[in-house]
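Residue numbers (our numbering), protein chains in the order written: chain A, 194 to 670; chain B, 250 to 470.
Some hints could be false.
Per label pair, the in silico range of CB-to-CB distance [as the list claims (entries may be wrong)]: (1) Q290/A / P344/B: 41 to 51 Å; (2) I449/B / W645/A: 33 to 43 Å; (3) Q290/A / T420/B: 39 to 49 Å; (4) T378/A / I449/B: 13 to 23 Å; (5) P344/B / G300/A: 37 to 47 Å; (6) D365/B / G325/A: 27 to 37 Å; (7) H478/A / P352/B: 31 to 41 Å; (8) G503/A / T420/B: 36 to 46 Å.
No more than 30 Å apart at the CA atoms, straight line, and that leaves these computed lysine-lysine pairs for BS3-like [as the list claims (entries may be wrong)]: (9) K370/A / K364/B; (10) K568/A / K632/A; (11) K327/A / K280/B; (12) K366/A / K280/B.
Since the hints were derived computationally from the structure, they do not count as laboratory data.
Here the structure is a predicted model, which means the values were calculated and not measured.
Every residue, glycine too, gets a C-beta built ideally from N, C-alpha and C.
Given next are the chains, with one letter for each unit.
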Amino acid sequence: MSAAGANPTIPFQDRARRALQDQTLQQAMNKAQGGFVDKRREAMAQLPEFDDIRDAARDIKDHVLSNLDSYLELYEQKVQENGGQVHWARTTEEACQIITAICREAGAELVAKGKSMVSEEMGLTGALETAGLKVVETDLGEYIVQLAGETPSHIIAPAVHKTREQITELFHKHHAKLGYSERVTQREAIVNEARNVLREVFITADVGITGANFLVAETGANVIVTNEGNGDLTSCLPRVQIAVAGIERVIPSLDDLSTLLRVLARSATGQEITAYTTMYAGPRHKDDGEGPAEYHVVLLDNGRSAMLGGAYRPMLRCIRCGACMNHCPVYLAIGGHAYGWVYPGPMGSVLTPLLTSFEQAVDLPNACTLNGRCKAVCPVRIPLSDLLLEHRFEQHRRGLTSAVGRLLIRAWAWLARRPRLYHSVMVIPLWLMHRLGRKAGALRWLPLAGGWTGSRDFPVPAGQSFHAQWRATQKRR
Amino acid sequence: MSSARKETLEAIRTALVGSEPRTSEHLQELKARIQESVPHLQPQLDGDLLTHFCEKHIAVHGTYERVGRAGVATAVLRHLDSLGIPRELLVGAGPILDQVQWPEQVVVERRSANKDDCVALSEAFAGIAESGTVVLLPGAGRPSSHNFLPEDHIIVVDCARIVRHQEDAWTLVRALPGRAARTIQLITGPSKTGDIEQAIQYGAHGPRRVHLVIVEDRDDA
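Hey, can you work out the whole structure from these sequences and the hints?
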C-alpha cells in the first residue's frame, strides 16, 4: 500500500518525506490540485455579497461562543421536548462508551455510519468494532478509505489521495466475495457498485450514526449536509439514530443556519448549496410510517471548553469546509496523512496540539510558510496563520523547541542587538558563501543546514552586506 | 453521565465569565434572539421567482415541466414514458397530489419505499428560488424513504409556494400548526459524489434523476 493512514507514531518529518516520495500519492494530489480552488473562486464571483456574508457568519459563531453554555442548555431542552436524548462526553473515551452502550442496549449488530470528523476524533469505529459490532462507512470516500484500512486524508474528500486504479483494486479485493467478480474501472461503474453494496447496509443496519454540521437551538435539530444522500439514508432507515457533534456546533436559529450554509458549500466545493441539507429533530412521531424509534445526540468536549478561554477561541468558529487545506501549499504537497492525526492542513495544525497535546504535535505549527492563504479564504475568518504563529510562541514558552535552536536564537538576538559587531561578524560568512557559490549561482550544501539544502538550493548572497555596499556607493559620489 | 454534563457546562462558564453566575435575564435575552430571529444579509435576488427557481434547478442537473392544475398526472406519466419506466409509482401525500385522478392502468402505492422501488412522487412543502431547492417535510403519508431510495424522484411544486430566500421557507415552517416538523429536507438536484478523482458522478446513494412538475395557477393542463 502506497499511502498508509495517518500514523502518529512516526515523526512528522519522516511522514512528510515519505509522502513527497510517494509517486501514487503525488499523482492523486496533482489531479486534485486547483479543482476546489477554481470552483470556490467561481462561486465567490457569482455572489457579490460573499465577503459581507462571511462577516455575518463570523459574528454568529462569535456570539454563540460567548454564550455557549446557555445555547447548549437551550438546545438540549428542545431535543428533550422532541423526545430525543442528549449525552455529554468530556473525553473521546467517554463518548465511545456512551455510543457503545446505546448500541448494546439496542441489541445492535450492524452500524451504518455517515461521514463525521468528530467520530474520527473519537476513534469511534475502532471502539465499536472492539465491542463486537460491524461498522460500515457509507460516504463513498470514507468507504474507500475504510476498505483500505486507512483514515481520511481530507475533511470533505476523504479519499482524495486515492487514484481510480487503487479504488478498482480495493473494490475487486473486497466485493468479489459479494458476487461482484468483474473489475470495475470506469467511474460510473465504481459508483454503481458501491451504491448496490451499501444499499444492503442501509436496509439492514440497526443503528445509524452521523455527525452534525450544525445543531439548531431553535428546533433541537441536527443538520447534516451531503451530496450523496448517504447521511440521510443512515439517519432515516435504521431503528436507532445517533448524531455526534463537538459542543461548538450549536447555533441559535434557522436564520443563522441559512447564513452559515451560504458560506459553507461555496467555500468547500464551490456549490451554492449541497444536494441535501436535512434537519432531524427527534424520533419518529406516532403517525409516521417510518423513522427511528430512538434519537440520541452525543456532545463531545475533548479540549474545546479549554480553548474558549484563551487565544485559540476563534478556532472554535470552524465549520469544517476544508478551504484552508485546499489553498495550503504544504497540504497540497504532502497530503493529509502526513499530519499524523484526524484533522489535516492549517485547521489541523492549529487543532491537533490543542485536542491531543502540544508535546506530540510540535512539528505541525512549524510546517507552515505563513503565506496566509488559509486565513484569507476562511469563511468564518479564523486567523489561521496567526494562530499557528501563536503555537510557535507557545512552544517557545513551554520549552518545546530544541535546546540548540534556543541557544542559537539567543546568540543571534544578542548579536543582532549590537549592530557594529553584527556587521563585522557577518562579513566572513557572506564573503565565503559568495565565493563558493559564485560559479553555480546557488549553494547545494551548507554546513548545519543539510536538512534545508537536501531538497533545494540556497541562493548565493551578494559578497557584501547592504550596509557595506551603501557606504561604498556614497564614497564614490 | 450527568457529571459530564455539569463539568462541561461549568468548564465553559468558567472560561467565559469566571465565577460570575449566569442570570435568568441572560437566558431570556438569548431566547428572545431566537424567537425574534430575523434574516442576516441575504443575496440580492431580482426578477421573476419562478424563472430564477427553474434556472437554478437546471444548473444542478435537474429537469422540470410547468403545467396547469389539471396537468399533473399527464406530466408525470409523460416523464415516466420518456425514460421508458413502467407506470408504477410510490405516491406521497400533499394538497395537490391528494386531488390527482390517476388513470386505471397506473399502479399507485402509498407506503414506505424499499430498495427495489424505481419511482417516487412527492409534493414539496415549498420551493426556494435562490438556489432552485425544494423543501420536503417527511411525516405521516410522506415517508423519508421516498426521497432517497428510488432511482427517480418526481416532485410536484405548487408555484404559489416558491419563495425568494431560504429564510422565507423557515417562515412557512414556523407558521405550521402544532409541533415543528420533525424532519426538514432541502433537496437541490440529484444525488452526486466527487469522491472518485474529484469528478462529479450522479446517483451516488439517492435518486439519479430529480424531475419537478411545477403547478401554475391555471385550470388547464
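Here's how the hints hold up against the structure:
{"no.": "1", "hint": "Q290/A / P344/B: 41 to 51 Å", "in the structure": "holds, 47 Å"}
{"no.": "2", "hint": "I449/B / W645/A: 33 to 43 Å", "in the structure": "holds, 41 Å"}
{"no.": "3", "hint": "Q290/A / T420/B: 39 to 49 Å", "in the structure": "holds, 42 Å"}
{"no.": "4", "hint": "T378/A / I449/B: 13 to 23 Å", "in the structure": "holds, 18 Å"}
{"no.": "5", "hint": "P344/B / G300/A: 37 to 47 Å", "in the structure": "holds, 41 Å"}
{"no.": "6", "hint": "D365/B / G325/A: 27 to 37 Å", "in the structure": "holds, 31 Å"}
{"no.": "7", "hint": "H478/A / P352/B: 31 to 41 Å", "in the structure": "holds, 34 Å"}
{"no.": "8", "hint": "G503/A / T420/B: 36 to 46 Å", "in the structure": "holds, 40 Å"}
{"no.": "9", "hint": "K370/A / K364/B", "in the structure": "holds, 21 Å"}
{"no.": "10", "hint": "K568/A / K632/A", "in the structure": "violated, 41 Å"}
{"no.": "11", "hint": "K327/A / K280/B", "in the structure": "violated, 42 Å"}
{"no.": "12", "hint": "K366/A / K280/B", "in the structure": "violated, 54 Å"}
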